[in-house]
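Chains as they are written, first to last, in our numbering: chain V, 1 to 332; chain L, 1 to 401.
Since the hints were made in silico from the structure, they are not lab data.
On a predicted model such as this, the values are computed, not experimentally measured, just so you know.
In this text, a Cβ means the ideal position worked out from N, Cα and C, and glycines have one as well.
Please note that the accuracy of each hint is not assured.
Facing chain L, from chain V, some residues (calculated, C-beta under 7 Å) [stated by the list, open to error]:
(1) A25
(2) G134
(3) L152
(4) N162
(5) S265
(6) V268
(7) L299
(8) A303
(9) L304
The residues making up each chain are set out below.
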Amino acid sequence: MFGYVLRRLFIMIPTLLVISFLVFAIIQAPPGDYLSSYLSELQSQGEAVNPQKIEYLRKQYGLDRPFYEQYFIWVTNLLQGDMGYSFEFSLPVSKVVGDRLALTAVVSVATVLFVWLVSFPIGIYSATHQYSLGDYGLSIIGFIGMATPSFLLALVMLYFANVWFGTSIGGLMDPVYLDEPWSWGKAQSVLAHLWLPVVVIGASGTASQIRRLRANLLDELQKQYVVTARAKGLPRGRLLVKYPLRLSLNPFIADIGTLLPEMVSGAVIVSVVLSLPTTGPMLLDALRSQDMFLAGSFLMFLALLTVIGVFVSDVLLGFLDPRIRLGAGATK
Amino acid sequence: MTSLVDDPPHGRPRRRPLAEPMPHQVSTDPFDPLSIERLSPEQERYYLASQWKMMWWKFLRHRLAVVAGIFLLVSYATILASEFLAPYSLHSRHVDHIYAPPQGIHLFDGNRFVGPFVYGYSHALTRANLQRVYTAPRSQLQPMRFLCSGDKYYFWGLFESDVHLVCPAPGGTLFLLGTDRLGRDMLSRILYGARISLTIGLLGVSVSFLLGVTIGGLAGYHGGWVDNVSQRLIEVLRSLPHIPLWLALAAILPVTWSPILIYFGITIILGLLDWTGLARAVRSKLLSLREEDFCVAAQLMGARPQRIIARHLLPSFTSHLIASVTLAVPNMILGETALSFLGLGLRQPITSWGVLLSEAQNVSVVALYPWLLLPAVPVILVVLAFNFLGDGLRDAADPYK
Chain V
1 MFGYVLRRLF
11 IMIPTLLVIS
21 FLVFAIIQAP
31 PGDYLSSYLS
41 ELQSQGEAVN
51 PQKIEYLRKQ
61 YGLDRPFYEQ
71 YFIWVTNLLQ
81 GDMGYSFEFS
91 LPVSKVVGDR
101 LALTAVVSVA
111 TVLFVWLVSF
121 PIGIYSATHQ
131 YSLGDYGLSI
141 IGFIGMATPS
151 FLLALVMLYF
161 ANVWFGTSIG
171 GLMDPVYLDE
181 PWSWGKAQSV
191 LAHLWLPVVV
201 IGASGTASQI
211 RRLRANLLDE
221 LQKQYVVTAR
231 AKGLPRGRLL
241 VKYPLRLSLN
251 PFIADIGTLL
261 PEMVSGAVIV
271 SVVLSLPTTG
281 PMLLDALRSQ
291 DMFLAGSFLM
301 FLALLTVIGV
311 FVSDVLLGFL
321 DPRIRLGAGA
331 TK
Chain L
1 MTSLVDDPPH
11 GRPRRRPLAE
21 PMPHQVSTDP
31 FDPLSIERLS
41 PEQERYYLAS
51 QWKMMWWKFL
61 RHRLAVVAGI
71 FLLVSYATIL
81 ASEFLAPYSL
91 HSRHVDHIYA
101 PPQGIHLFDG
111 NRFVGPFVYG
121 YSHALTRANL
131 QRVYTAPRSQ
141 LQPMRFLCSG
151 DKYYFWGLFE
161 SDVHLVCPAP
171 GGTLFLLGTD
181 RLGRDMLSRI
191 LYGARISLTI
201 GLLGVSVSFL
211 LGVTIGGLAG
221 YHGGWVDNVS
231 QRLIEVLRSL
241 PHIPLWLALA
251 AILPVTWSPI
261 LIYFGITIIL
271 GLLDWTGLAR
281 AVRSKLLSLR
291 EEDFCVAAQL
301 MGARPQRIIA
311 RHLLPSFTSH
321 LIASVTLAVP
331 NMILGETALS
341 FLGLGLRQPI
351 TSWGVLLSEA
361 QNVSVVALYP
371 WLLLPAVPVI
381 LVVLAFNFLG
391 DGLRDAADPY
401 K
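Please put together the full structure from these sequences, using the hints given.
Have a look at this one:
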């Protein structure tokens with residue numbers, strides 16, 4: 001098991017390298033280097049330009065060097081914890097992002113947990129009570145949840161909160177805590193506000209997860225060994241937990257790998273609509289104003305989050321399924 | 001038993017019957033040794049049906065999928081004649097009717113049958129917050145006209161016309177789904193938006209289909225390092241969150257591009273990240289198929305890999321490909337909607353459902369004018385329909401079900 005985890009960790013390194021290269025290529029793609037556009041912007045606003053500072057930044061981030069050298073500098077800086085310089089805010093990126101990264105991670109992890117906790121019992125119910133009224137009802141809700149874009153769900157929720165309660169339910173904490181340092185009260189406030197974005201972001205994932213678990217479990221339940229076990233007198237509940245459920249759990253766990261990128265994707269848009277203090281709104285602004293280091297570090301962070309998520313799902317799968325752990329993993 | 005006179009093999013010879021020999025009949029028709037194997041027309045229809053025909057029958061049994069397919073056909077048919085179906089043209093503004101609420105269609109005024117008509121608006125500005133308040137007094141009856149002349153348009157840019165399916169009464173209004181902040185008719189805009197939103201899904205899917213089949217095909221057929229590289233690439237792309245990447249790529253598109261170029265740029269961006277699932281499916285199918293005898297035969301006859309993949313291997317799972325492509329379209333539509341909603345996708349004057357929804361970004365606007373959210377309804381319906389259709393196709397394509 002240890003060897004498997006180690007091997008899996010080792011694979012993450014080239015993956016992250018490729019991702020970092022892609023991200024850097026994307027943020028580099030717009031024509032012109034950032035400093036010259038920054039300079040011209042400052043000048044057009046009639047602000048004083050400090051040539052020394054510009055020169056320092058240019059040197060620090062190697063903006064006059066060729067592409068691959070810039071990339072190398074960016075990556076080594078990233079590894080040392082220097083995420084670059086935000087031209088929009090005239091601050092180092094690490095100062096700008098504040099606790100946005102942590103909050104994004106909290107929202108994403110909470111969403112994945114929510115998806116699991118909700119879809120697991122519902123999926124089992126749907127499969128064991130196939131074609132019952134409850135199954136049909138849940139299926140319809142599931143399909144609608146799958147087809148509704150998450151930002152729309154967020155808007156509709158906001159709309160009804162506005163119509164029914166006359167309040168805005170956006171944000172991730174009470175406005176009083178916005179610029180406060182972290183405290184117990186602030187953490188509680190975050191927890192109290194967390195449910196809405198989690199439900200909104202998780203809706204589509206929950207729906208598809210339910211459908212998948214239902215389909216897997218139904219496949220298992222039709223197999224001969226289930227009939228045999230029943231004929232031999234194994235109680236229904238015990239049988240379900242002992243065999244079919246465990247087998248159908250496999251894809252369920254494996255899906256974190258695909259679930260997490262979806263959650264992170266959804267979170268970006270939903271957080272714009274709900275104005276959450278996570279990466280979403282700031283990433284959007286950074287992309288619009290071509291504040292490249294800021295955008296780059298957000299993209300990199302989101303990718304890192306999903307890569308770690310995939311890693312966790314693989315390790316869990318390894319625990320669950322010896323075939324994967326023993327490295328037969330060459331799936332065809 | 002040919003006759004009754006034969007002796008049984010054992011025992012005494014049987015006595016011949018005294019009466020007349022029993023009549024027996026021998027057919028004079030020519031003997032047909034295949035008579036049992038010959039099929040009745042009914043059976044023939046069933047047993048000799050091609051694979052596609054069987055799939056079609058199986059598909060027809062899937063009621064929901066058929067309904068979804070018909071719905072999609074109708075939706076795509078409307079984009080052929082958006083100009084004719086929409087009561088107004090795409091950009092016609094009605095400054096007197098900004099943020100007008102939807103007008104309901106009525107048939108009866110009191111107890112009197114009038115035919116389809118709407119009640120005209122009268123609006124007032126509230127002093128407190130300068131909000132327009134529309135009322136529809138029961139006095140102004142505005143009967144709808146059909147096949148009438150209204151706003152002028154160029155039909156697909158080809159010829160000028162002004163015939164619409166429905167028009168407002170002369171001097172009246174017909175805003176069945178309300179108007180937006182410039183007083184443009186929402187229904188007309190949704191009908192025009194379908195043209196962009198529905199086609200962008202198809203175009204994006206064709207990009208991802210091309211990429212997926214090519215890369216998956218090469219990986220599956222050649223194996224070895226080609227396979228390894230493409231597998232790693234797919235893993236990387238799959239573990240990336242799509243929407244942030246779409247956003248980043250869309251942000252690269254130069255602002256100076258014309259709307260139509262942006263449109264194509266967006267389709268390519270949508271396709272660029274979405275081919276991985278298809279490539280995986282193609283690869284795993286090819287890995288098993290290339291060991292088949294017919295593939296070896298083709299190789300021995302000197303066919304090039306390109307020909308073998310395209311001519312012999314791909315056709316054997318076309319049906320699966322079609323099903324998975326159908327299931328990929330809604331992702332594209334949702335992706336475009338999300339991008340445009342955030343203002344990084346298509347821009348005015350191109351009108352898609354996402355562009356229309358971007359007007360509804362602000363909750364305070366939505367709270368006052370909820371009909372701005374209506375473009376979401378076709379989005380949800382189309383996505384649902386594609387999902388049902390794809391499910392039906394997949395089940396039909398599966399020979400083991």
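Outcome of the hint check:
1. Annotation: A25/V was flagged as interfacial toward chain L, and the flag is violated, the nearest CB pair being 10 Å apart, outside 7 Å.
2. The beta carbon of G134/V is not positioned within 7 Å of any beta carbon in chain L (closest approach about 19 Å), and the interface hint is therefore violated.
3. The closest approach between the C-beta of L152/V and any C-beta of chain L is roughly 5 Å, which is under the 7 Å cut-off, so the hint is satisfied.
4. Taking 7 Å as the C-beta contact cut-off toward chain L, the hint placing N162/V at the interface holds, the least distance being around 4 Å.
5. Hint status for S265/V relative to chain L: holds, with the closest Cβ pair at about 4 Å, below 7 Å.
6. Because the closest C-beta pair between V268/V and chain L is about 5 Å apart, less than 7 Å, the hint holds.
7. With its C-beta approaching chain L no nearer than about 6 Å, L299/V sits inside the 7 Å limit, and its interface hint holds.
8. For A303/V, the shortest C-beta to C-beta distance to chain L is roughly 5 Å, which falls under 7 Å, so the interface hint holds.
9. Evaluation of the L304/V hint against chain L yields a violated restraint, the C-beta minimum of about 10 Å exceeding 7 Å.
This entry does not satisfy hints 1, 2, 9, going by the numbered hints stated previously.
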